[in-house]
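If you want the building blocks of each chain, they are given just below.
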Amino acid sequence: MEIAIVKYNAGNVASVMYALDRIGVPYRWTDDETILRQADKVIFPGVGEASTAMAHLKEKGLDLLIPQLKQPVLATCIGMQLLCKHSEENDTTCMGVFDVEVKRFQSQDLKIPHVGWNSIQANQANPLMEGLKNEEYVYFVHSYYVPVNPLTTAICDYVQPFSAMLHQDNFYAAQFHAEISGMAGQRIIENFLAL
Amino acid sequence: MLTKRIIPCLDIKDGRTVKGTNFVDLRDAGDPVELGALYAQEGADELVFLDITATVDDRKTLVNLVREVARHVNIPFTVGGGISSIQDVSALLNAGADKVSINSSAVRNPDLIDELALQFGSQCIIVAIDTRWVDGTDWVHTHGGRKITDIQTIPWAKEVENRGAGEILLTSMDADGTKAGFANKLTSTISLNSSIPIIASGGAGSMEHFYEVFTEGKADAGLAASIFHFKEIDILDLKNYLASKGIPMRI
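Chains as they are written, first to last, in the working numbering: chain Z, 1 to 195; chain A, 196 to 446.
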């Protein structure tokens with residue numbers, strides 16, 4: 001199986017690579033269009049700021065390529081937000097795979113960003129949660145969130161319920177960092193690789 | 196519900212864990228990779244590796260160590276000790292560290308916090324603050340708490356947040372090593388005044404101390420070293436105890 005990790009200027013890619021090493025699957029970290037199109041699975045990771053990340057993707061034409069991919073794609077954290085239509089973070093137009101908005105957490109009494117382990121409740125039909133409990137703890141670090149919407153496949157609660165996971169067609173996305181979310185996170189990645 | 200975090204800290208010298216360990220089930224108690232993986236398996240929410248060596252050669256050892264830790268540990272981990280430049284941080288993050296912790300270098304050059312936050316994002320920049328009560332006020336200390344500065348702790352905590360720190364690791368040098376409990380009053384003052392998470396450190400001697408730091412101290416995470424290394428407290432027992440007292444825990 002060929003696994004490609006999308007290469008662009010976003011942090012935290014090393015953690016994703018090591019998670020795949022722990023699972024024991026080879027991968028390529030690439031921005032090459034042919035390799036990305038032909039891979040069996042594509043992972044679109046990253047942490048960072050939305051407008052900067054989109055600018056980097058545009059420079060390489062990846063903003064047009066990624067939405068066209070046909071194989072299963074897993075987007076995590078900022079990757080998930082970039083697949084949405086628009087982000088309030090510096091008023092950024094994103095790729096629009098998921099027809100939803102990314103909003104900033106607003107709270108008087110809770111700390112922003114949302115950092116740490118929080119529980120998610122998954123839809124029963126969510127294939128990435130196969131073999132896991134209906135409620136699992138995973139690791140989050142973010143200040144922006146996707147509201148609950150018809151594409152939501154797992155919900156987390158911080159300030160208000162928000163989308164921990166999204167799914168549409170071949171695009172799967174997680175707001176949390178599955179790559180450092182213990183055994184639960186590892187299982188989610190394995191489930192994605194088994195799709 | 197967002198849980199409170201339990202974080203074991205491993206002191207590293209020349210690529211090895213220092214401070215004695217009581218783990219009979221470890222092949223090599225001095226191997227930080229093996230110890231870190233064991234803590235992760237036992238339920239630690241994060242790990243902190245603090246490098247207490249500082250020469251250039253040792254930095255290379257540290258980067259190699261970080262790479263090995265990243266290969267074996269599936270929870271977030273932070274690396275601290277002697278970090279003073281964008282290059283240092285870049286090398287550690289590329290080797291697989293999830294966050295870095297800066298301390299003396301931030302005191303010497305506060306702009307470093309802004310630069311690192313801009314370059315890598317606030318989420319991976321922890322500012323460690325070593326504090327000690329002297330003449331009626333809390334003062335920031337450097338060099339492992341030996342050297343006093345002219346910076347007061349409470350305003351400094353706000354400043355590092357404003358400059359882009361993602362979390363604060365607050366170590367009370369008064370409480371450190373006493374096993375008499377965390378510095379709950381100061382921790383709570385800083386936590387309530389702050390919109391970023393506070394990791395409390397120094398003074399943990401019992402499970403009750405963790406309960407107190409999360410309730411009275413309003414801490415988001417509790418960090419300790421020796422009580423975990425010497426198995427005085429088992430991480431899973433601690434988390435079960437805290438959960439039974441109503442503290443949200445990942446178990």
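These are computed hints drawn from the structure, not numbers from a lab. Glycine residues also receive a C-beta, built at the ideal position from the N, C-alpha and C atoms. Check the hints yourself; a few may be wrong.
[Stated by the list, open to error] Quick list of in silico lysine-lysine cross-link-like pairs, DSBU-like style, CA-CA up to 30 Å: (1) A:374 <-> Z:111; (2) A:380 <-> Z:111; (3) Z:111 <-> Z:70; (4) Z:103 <-> A:353; (5) A:440 <-> Z:111; (6) A:413 <-> Z:111; (7) A:255 <-> Z:111; (8) A:374 <-> A:342; (9) A:440 <-> Z:133; (10) A:255 <-> A:353; (11) A:380 <-> Z:103; (12) Z:85 <-> Z:70; (13) Z:7 <-> A:374; (14) A:342 <-> A:440.
[Claimed, not checked] Derived Cβ-Cβ restraints for the label pairs, each shown as a range: (15) Z:127 <-> A:281: 20 to 30 Å; (16) A:303 <-> Z:194: 47 to 57 Å; (17) Z:26 <-> A:281: 45 to 55 Å; (18) Z:38 <-> A:426: 44 to 54 Å; (19) Z:143 <-> A:285: 14 to 24 Å; (20) A:343 <-> Z:30: 17 to 27 Å; (21) A:329 <-> Z:58: 19 to 29 Å.
[As the list claims (entries may be wrong)] Derived coverage of chain A by chain Z (criterion: at least 3 residues anywhere in the stretch with Cβ under 8 Å from a Cβ of chain Z; other residues may be distant): (22) 284-291; (23) 402-410.
(request) Decide if the proposed pair is consistent with the structure: residue 374 (chain A) and residue 111 (chain Z), CA atoms, cutoff 30 Å inclusive. (result) The hint holds at about 29 Å.
(message) Hinted pair, alpha-carbon criterion (30 Å max): residue 255 (chain A), residue 353 (chain A). Please report holds or violated.
(response) Not satisfied, since the Cα-Cα distance of roughly 33 Å exceeds 30 Å.
(message) Quick check on a hinted range of 44 to 54 Å for residue 38 (chain Z) and residue 426 (chain A), using CB atoms only.
(response) holds (51 Å)
(request) Examine the segment 402-410 of chain A for residues whose CB is less than 8 Å from any CB of chain Z, and state whether their number is three or more. (result) With 0 residues close enough to chain Z, the hint is violated.
(message) Hinted pair, alpha-carbon criterion (30 Å max): residue 255 (chain A), residue 111 (chain Z). Please report holds or violated.
(response) Violated: residue 255 (chain A) and residue 111 (chain Z) sit about 36 Å apart, past 30 Å.
(request) Evaluate the given range 19 to 29 Å for the C-beta pair formed by residue 329 (chain A) and residue 58 (chain Z). (result) Check failed, 53 Å falls outside 19 to 29 Å.
(request) Starting from residue 440 (chain A), check that the Cα of residue 111 (chain Z) is at most 30 Å away, please. (result) holds (23 Å)
(request) Starting from the hint 14 to 24 Å, judge whether the C-beta atoms of residue 143 (chain Z) and residue 285 (chain A) obey it. (result) Hint holds: Cβ distance 23 Å, inside 14 to 24 Å.
(request) Take the C-alpha atoms of residue 111 (chain Z) and residue 70 (chain Z), compute the straight-line distance between them, and say whether it is at most 30 Å. (result) Violated, at roughly 39 Å.
(message) Does residue 374 (chain A) sit within 30 Å of residue 7 (chain Z), going by the straight-line distance between their CA atoms?
(response) violated (47 Å)
(request) Examine the segment 284-291 of chain A for residues whose CB is less than 8 Å from any CB of chain Z, and state whether their number is three or more. (result) holds (count 4)
(message) Is 47 to 57 Å respected by the C-beta to C-beta distance linking residue 303 (chain A) and residue 194 (chain Z)?
(response) Given a distance of about 50 Å, which is inside 47 to 57 Å, the answer is holds.
Comparing the model with each earlier hint shows violations of hints 3, 7, 10, 11, 13, 14, 15, 17, 20, 21, 23; every other hint is respected.
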